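Novice: Keeping their order, the protein sequence lines are chains A and B.
Sequential numbering of the first sequence, starting at 1, is according to this note's numbering.
Sequential numbering of the second sequence, starting at 1001, is according to this note's numbering.
The hints are simulated quantities; they were obtained by calculation from the structure and are not laboratory data.
Nothing here was measured: the structure is a model prediction, and the numbers come from that model.
A few of these clues could be false.
Unchecked claim - Computed footprint of chain B on chain A, listed as stretches where at least three residues anywhere in the stretch have a Cβ under 8 Å from a Cβ of chain B: (1) 86 to 95; (2) 121 to 135; (3) 154 to 163.
Claimed, not checked - The calculated lysine-lysine pairs, modelled on DSSO-like cross-linking and capped at a C-alpha distance of 27 Å, are: (4) Lys20(A) - Lys1137(B); (5) Lys1008(B) - Lys20(A); (6) Lys1137(B) - Lys1166(B); (7) Lys242(A) - Lys1166(B); (8) Lys156(A) - Lys194(A); (9) Lys20(A) - Lys5(A); (10) Lys221(A) - Lys1015(B); (11) Lys41(A) - Lys1015(B); (12) Lys102(A) - Lys156(A); (13) Lys4(A) - Lys44(A); (14) Lys1015(B) - Lys1053(B); (15) Lys4(A) - Lys41(A); (16) Lys1008(B) - Lys242(A); (17) Lys221(A) - Lys242(A); (18) Lys194(A) - Lys242(A); (19) Lys153(A) - Lys221(A); (20) Lys20(A) - Lys153(A); (21) Lys102(A) - Lys41(A); (22) Lys102(A) - Lys221(A); (23) Lys4(A) - Lys20(A); (24) Lys1015(B) - Lys44(A).
Beta carbons: idealized from backbone N, C-alpha and C, even for Gly.
Chain by chain, the residues run as shown.
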Amino acid sequence: MQQKKSPPQRAFVLHGYPYKETSLIVDVFTLDYGRLAMVAKGAKRPASNLRGALLSLQPIEVVFSGRGEVKTMLQATWTPGQPWLTGRALMCGMYLNELVMKLLPREDSHPLLFESYAATLMTLAESDEHSAILREFETQLLAELGYGLQLEKDVKTGELLQPDTLYRYDPLAGPMVHGGGVLVSGRVLLALNKGVFEDAMIAAEARDFVRTIIEFHLERKQLRSSTVMHDLHSLSERLDAKPAARRAAKKAQTERMIIEGANP
Amino acid sequence: MTTPVSFKALIDALKALPGVGPRTAQRIAFELVQRRREEASGLARALETALEKLRSCERCNTLSETPICALCASPRRDPTLLCVVETPADQITLEHSGAFSGMYFVLMGRISPLDGIGPDDVQLETLINRASDGVVKEVILATNFTNEGEVTAHVIGELLEKQGVKVSRLARGIPIGSELEYVDAATVAQAVRERR
Ligand SMILES: [Zn+2]
Chain A
1 MQQKKSPPQR AFVLHGYPYK ETSLIVDVFT LDYGRLAMVA KGAKRPASNL RGALLSLQPI
61 EVVFSGRGEV KTMLQATWTP GQPWLTGRAL MCGMYLNELV MKLLPREDSH PLLFESYAAT
121 LMTLAESDEH SAILREFETQ LLAELGYGLQ LEKDVKTGEL LQPDTLYRYD PLAGPMVHGG
181 GVLVSGRVLL ALNKGVFEDA MIAAEARDFV RTIIEFHLER KQLRSSTVMH DLHSLSERLD
241 AKPAARRAAK KAQTERMIIE GANP
Chain B
1001 MTTPVSFKAL IDALKALPGV GPRTAQRIAF ELVQRRREEA SGLARALETA LEKLRSCERC
1061 NTLSETPICA LCASPRRDPT LLCVVETPAD QITLEHSGAF SGMYFVLMGR ISPLDGIGPD
1121 DVQLETLINR ASDGVVKEVI LATNFTNEGE VTAHVIGELL EKQGVKVSRL ARGIPIGSEL
1181 EYVDAATVAQ AVRERR
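Based on the sequences and whatever the hints tell you, model everything.
Specialist: As structure tokens, then:
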């Protein structure tokens, strides 16, 4: 089966699924070909030249062949530059991967989105402003898919959005004072437009608003990472509820960390 | 020919196994009931006995025939150290290293947000209660160095620190006896970053 090899592609593994003893089926985001499914035969063997297939959230270079739905990975080499994500940044990275997997159709080329994904991973590693970073990527992703958020004007009247006005946001049209859709304040929409969230309340409202719009476009698909984060948050609360002196002592400090970590 | 009910039931049972599709299930079913009847009944007996006898150890969550497994019941282990691993195989590897003489907690998996595997699937609440019993002084996180293993370690670490329990993470590095030239670049990069 002599098949044409792809040129080397910059790529990121979004997620891997175990396949037979030492192989994987991987969901790969490539620069020029978009999201592709590939089989990485024997990738788990120590000497395999497909070891890069095991690393998500790290840039790799892949060569593949095949024209069917599942390509054959021929080479996957780790490339340096992206710091390893840890802790909360790592959870954010996994959430990004799920967004791309669930929203981006297969074999749709999105080089701009690829670059913004790569840049987002870099900023996640370098900055603690995780919420703002996620909101920015979410809005870029929606725009790239043709579902761009309207964050400047009332789409019915053409008037500039006012911070103190409440709007109805129609996921397919945009914000309007009179109409149907998600209830959201002008302040939140303007904050999203600037990418600057003045306080935790606005940041949380912006997160919930964008999440609602994303869920609309996901149709019935569930974001598993959100469910897991939610379960972690409930576990954390359950443990806090147990009476124990030393738990109470450290509670205030770490509660903040967990809440932020649970809901980036 | 119509498929006998019991044969269809066997195929359905086999299909429930990970990685077994309808065709493989049918092939195995034929093999078991036609050519390997003796092995098949051995398998049935072994499965029944295992299901009857095996449970999770109350202390470390690994498979055990007694409520508390032999390792957890041993007076020679240091009860102030608790090492968290993903699988019994990882536990065996650590035991072979001879470097650890404390107790274990086996998660029987790891948190994997993209697969929908969360805290309840790996008995996190049992672990936190076990680790904050007042006897354990330090918890060593020995989950894998994959993103899922890292997330699992991070989550456990946060929850335990809140309980006032000291937490440490297994160090990673270049395999002993290996020459740098043959170590994969990602591992070398990590070793440089975590140099001492
Ligand atoms: Zn035990």
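Novice: Each hint: holds or not?
Specialist: We went through each hint and held it up to the structure:
Only residues whose beta carbon comes within less than 8 Å of a beta carbon in chain B count, and the stretch 86 to 95 of chain A has 8; three or more means the coverage holds. Taking a C-beta to C-beta cut-off of 8 Å, the stretch 121 to 135 of chain A contributes 0 residues in contact with chain B, too few for the three needed, and the coverage statement is violated. Beta-carbon proximity to chain B at under 8 Å applies to 0 residues in the stretch 154 to 163 of chain A; the threshold of 3 is not reached and the given coverage is violated. At roughly 40 Å between alpha-carbon atoms, Lys20(A) and Lys1137(B) are farther apart than 27 Å, so this suggested pair is violated.
For the hint pairing Lys1008(B) with Lys20(A), the CA-to-CA distance comes to about 25 Å; that is within 27 Å, so the pair holds. Distance hint between Lys1137(B) and Lys1166(B) is fulfilled; the C-alpha atoms sit about 6 Å from each other, no more than 27 Å. A C-alpha spacing of about 20 Å is found between Lys242(A) and Lys1166(B), which places the hinted pair at or below 27 Å, so the restraint holds. For the suggested pair Lys156(A) and Lys194(A), the alpha carbons sit about 22 Å apart, so the restraint of at most 27 Å is met.
Proposed proximity of Lys20(A) and Lys5(A) is supported: the alpha carbons are some 24 Å apart, at most 27 Å. For the given pair, Lys221(A) sits about 25 Å from Lys1015(B) by alpha-carbon distance, which is consistent with the 27 Å threshold. Between Lys41(A) and Lys1015(B) the CA atoms are separated by roughly 23 Å; this keeps the pair inside 27 Å, and the hint holds. Distance restraint check for Lys102(A) and Lys156(A): the Cα-Cα separation of roughly 31 Å exceeds the 27 Å cut-off, and the hinted pair is therefore not satisfied.
Note on Lys4(A) and Lys44(A): the hinted pairing holds, with a Cα-Cα distance of about 25 Å set against a maximum of 27 Å. A hinted pair counts as satisfied when its Cα atoms are at most 27 Å apart, and Lys1015(B) with Lys1053(B) qualifies at roughly 25 Å. Between the alpha carbons of Lys4(A) and Lys41(A) the distance comes to roughly 18 Å, so the proposed pair stays at or under 27 Å and holds. Of the pairs offered as hints, the one joining Lys1008(B) and Lys242(A) is violated, with about 49 Å between alpha carbons and a cut-off of 27 Å exceeded.
Of the pairs offered as hints, the one joining Lys221(A) and Lys242(A) is violated, with about 35 Å between alpha carbons and a cut-off of 27 Å exceeded. A distance of roughly 42 Å separates the Cα atoms of Lys194(A) and Lys242(A); the hinted pair therefore is violated under the 27 Å criterion. Under the criterion of a C-alpha separation no larger than 27 Å, the hint pairing Lys153(A) with Lys221(A) is inconsistent with the structure, at around 30 Å. With a C-alpha separation of about 53 Å, the suggested pairing of Lys20(A) with Lys153(A) is violated against the 27 Å cut-off.
Under the criterion of a C-alpha separation no larger than 27 Å, the hint pairing Lys102(A) with Lys41(A) is consistent with the structure, at around 24 Å. Straight-line distance between C-alpha atoms of Lys102(A) and Lys221(A) comes to about 7 Å, which keeps the hinted pair within the 27 Å bound. For the given pair, Lys4(A) sits about 26 Å from Lys20(A) by alpha-carbon distance, which is consistent with the 27 Å threshold. Between the alpha carbons of Lys1015(B) and Lys44(A) the distance comes to roughly 25 Å, so the proposed pair stays at or under 27 Å and holds.
The structure fails to meet hints 2, 3, 4, 12, 16, 17, 18, 19, 20 from the earlier list, while all remaining hints are met.
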